[in-house]
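Chains as they are written, first to last, in the numbering used here: chain E, 1 to 876; chain G, 1 to 110.
Don't read these hints as lab results, they were simulated from the structure.
In this text, all values refer to a predicted model and were calculated from it rather than measured experimentally.
Each computed BS3-like pair below joins lysine-lysine, with the alpha-carbon atoms no more than 27 Å apart:
| hint | chain 1 | residue 1 | chain 2 | residue 2 |
| --- | --- | --- | --- | --- |
| 1 | E | K62 | G | K80 |
| 2 | G | K19 | E | K4 |
| 3 | E | K243 | E | K202 |
| 4 | E | K243 | E | K215 |
| 5 | E | K547 | E | K726 |
| 6 | E | K243 | E | K547 |
| 7 | E | K62 | E | K4 |
| 8 | E | K215 | E | K202 |
| 9 | G | K80 | G | K19 |
| 10 | G | K80 | E | K4 |
| 11 | E | K726 | E | K243 |
| 12 | E | K202 | E | K296 |
| 13 | E | K4 | G | K87 |
| 14 | G | K19 | G | K87 |
| 15 | E | K62 | G | K19 |
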Amino acid sequence: MLDKVRRRLRALTRRRAVELELDEELRFHIEKEAERNAARGMNPEEALRVALDRFGRFENIKEECRDARGVRPVEEMLQDLRYGARKLRKSPGFTLVAVMTLALGIGANTAIFSVVNAVLLRPLAFDQPEQLVRVFGTNARRSSFSRPHSYPNFSDLRDQNQTFEAMAAYTSASAALSGDDAPEQITGVIASADLFRLLRAKALIGRLLGPEDEKRGGPVVISHGLWQRRFGADPGVVGRVIKLDGREREVVGVTPADFSFEFVTAAADFWMPIDPASSLYQQRGAIFLEAIGRMKPGVSLEQAGSDLSVVAARLEQQYQESNAGIGVRLAAAQEELVGDVRPTLLVLLGAVGFVLLIACANVANLLLARSAGRHREIAVRRALGAWRGRIVRQLLTESLLLAIAGGVLGLLFALWGVKLISAFVPENVPRFGETSIDLRVLGFTLAASVLTGLLFGIAPALQSSRFDLNEALKDGGRGGSDGRGRTRVRSLLIVAEVALSLVLLIGAGLLIKSFSKLRNTDPGFDPSSTLTASLSLAPVRYDTDEKIADFYGRLVERVRTLPGVETVGAVNPLPLSENDYAFSFAVIGQPPPPPGQRQSASARFVSPDYFRAQGVPLRAGRVFNEADRAGAPNVLVVNEAFARRHLAGADPLGQRLRLGINGIEGEIVGVVGDIRGTSLATPAEPEYYVPAAVISSNDLTLVIRTATDPATLAPALRQVVAEMDKDLPLYDVRTMESLVARSVARQRFSMTLVGVFAVLALLLSAVGIFSVMSFLVAQRTHEIGIRMALGAQARDILSMVIRHGIGLTLVGVALGLAGAFALTRLMSGLLYEVSATDPFVYGGITALLAAVALLACYLPARRATKVDPLIALRYE
Amino acid sequence: MSRQKTDLLQGTLDLLVLKTLQPGPAHGWDIAQRIQQVSEDVLQVNQGSLYPALHRLEDRGLIASEWGASENNRRAKYYKLTAAGRKQLAEETESWRRFSWAVTRVLQSG
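If we strip away everything but chain E, and leave its shape as in the complex, we get (with noise of 0.2 Å):
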């Protein structure tokens, strides 16, 4: 075997030394038969002769011992190679054209393509990932809502579970750093002992938590990063002391640079484990705990199901009160991580795959009309015995160069075009910072490559090897002249191009007008001129609410007199924050609901000027006012949303609710606008505002409208802040502005990207019919020729030449609309308040498609009607 290799390496790479050795040992067979002839009394002309006789056609001989090396397809490739790449150096504008355009097909390709595979193809990185499933709450009353668990819910579903190896709960936080450099607020996870074991993550440092970490004033494991900026990488951290919050806790790890945990978020600076003895956790109707869990080997996602609902099951008879309607979910851990995304992103794939089509047919263009000059070449190779499948092998393999040269550069472009794209994706696109060139994608580029080649390549080759002696000679005295079939391909082509780019234009025009009415979706507050920044005092030293109400105070007193500034509100959660908390109620008055049903809405807790300075509209009745604090009769704002689902027409004014926060309860005295806190995509939902003087609330963020630009205020806002309390952080400082753009974010991305393909899919097609028409009129020059020497007028050639280009447009349009019907139902996910048919996107795009297929065809058109009778029959 090894020995064949060899052999057969040799005969390719050593190539005339093989040569050489034949002849070498014919001729030796030769002479020594001739000798012996001579030997018998031959005369050594007539021994050579017969000995030349006897051993049949020397070349014929030496052709089949070549073809007996069995090296003699690969021998044909090199050669096809080897002439291929000879052909194209000789016309580099060509091939620089052609490889540009597929580098730009392919490049586009890759790089969505290498997104696609971080995100959605490669299995999450840790081991076994197969094994992790997210557990979610159910309710029977809202079948949409993923609810969250309490710990005593989750620790009965841990612990009486049989499908499960491992289970752990966790929820987000967030906590100020101290210490000597300026305060820092960082997020992080607070999670049940069992969290790293299930992921089976190892340390880079120190150790991870385990069971016996879960007590009050636990220690805490800190990410790669957080050490590396704050550490300066000191692996001394270890058995350090940080003050997290103001409360002092201990280092005892340091995870991995490449370990995430996006379930919670990517940016988690520090780990610290729950204590199960505080109050939070000992009650069954705090939810606020999300639960991942390692399902033992074997168990599928059904089996694991249908067991922890049957734990689910006892625990709502276990514990009505608080447990009724209460089940469970589970969901594959990467597909409940980037479900969301993955829509997105395969429309994405698919409108760059028909730019890739579209550049295909370009380049099949450009073929066709190279190859028609090479008519005489092809002509000859047939005449000289290639027979037609060894042509349609060299033009093929011109074609595979072409497109591997354009695969190596659209690599390049894929590198680039990653940065390009991460520039503006959207934070929340979960693993996308994963996204790297991986074998995988060496190897889709690879196979998009070859797949490109035979595509563009193998209608041209085919035309082109048809072999026709008598239309040979006719045609070349003409240099060559473009057969009829080959006109069907180009008018093929054209049909092709014209279609697919009105598929991809209006999946853009789609995109493009959902995204404005998006844009132009009131709010319900004012964005503009708005600064937010948002504090979190440590518990530990703001613990009364005295103390609390004090420095807020004090905050907005000081910032007032800021320059620029208007009216400063404070407010938690702020609207867009991405935090919700959302709080039982019931209406006094109305008949109490059955357990488990109990109503919820969304709170916010507010400052008096809150309202004024977010802009939110009031509609009746009053705000709050300084005097609406702790001790005052208790006083409630609810939005229009609210008076509306729950209040049922009745004058929401004076009616009062209890409220699921510390049992208390309030007299509604004035109703806001709706806003939509969530993204502007969601409706309003039912809100409630409470004074913030009387639930003291830790976390608050400013909400500053000023005169000038908001953005400038930021470091004077900084300043305040530090003289304070030089200890506490100002964090997430940003404009209303910014928060709007990013909770469009998403929309914005799909829509710029397949803005983007679209545009380059019409330029493209545009070429790509321009230059079939001038080379159609070029043809069809010694016919306008005698036209016009017949009386034809320049109209008539001018409406001749564009009534053909617009057929074909009219045909590809059709198609066209036919395949964007078919297919923008796809992405109507994506779409909002747009339908996937809007007749004024299809009208509207379909006539911006036509009028640039009808200028690219009128040059041409117009260059018919110079042509000059006498000089064009004379061309003849």
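Fit chain G to the given chain E structure using the hints.
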């Protein structure tokens, strides 16, 4: 039809080459001579067609080649059987015998 005939001839030629090499290494001309002598000039093929057969057998690993000096000290390419070649020879000889025996039987029965 003609293809089948070539295959048959080719297979036969291969067998004869292997057989000829059984006693020891030989160069192409020698092999041609021996086949002719042994078959008493019945098997008249172009001598040249021997070479593609030799190269094919070498590619299949049934024979190996080596350059050596011929009787009068000229460079010549010598072929010899490999282990695989020996095995192949035994197998093909056997099946050829069976085949010709069967053909003989059929012809005699008429």
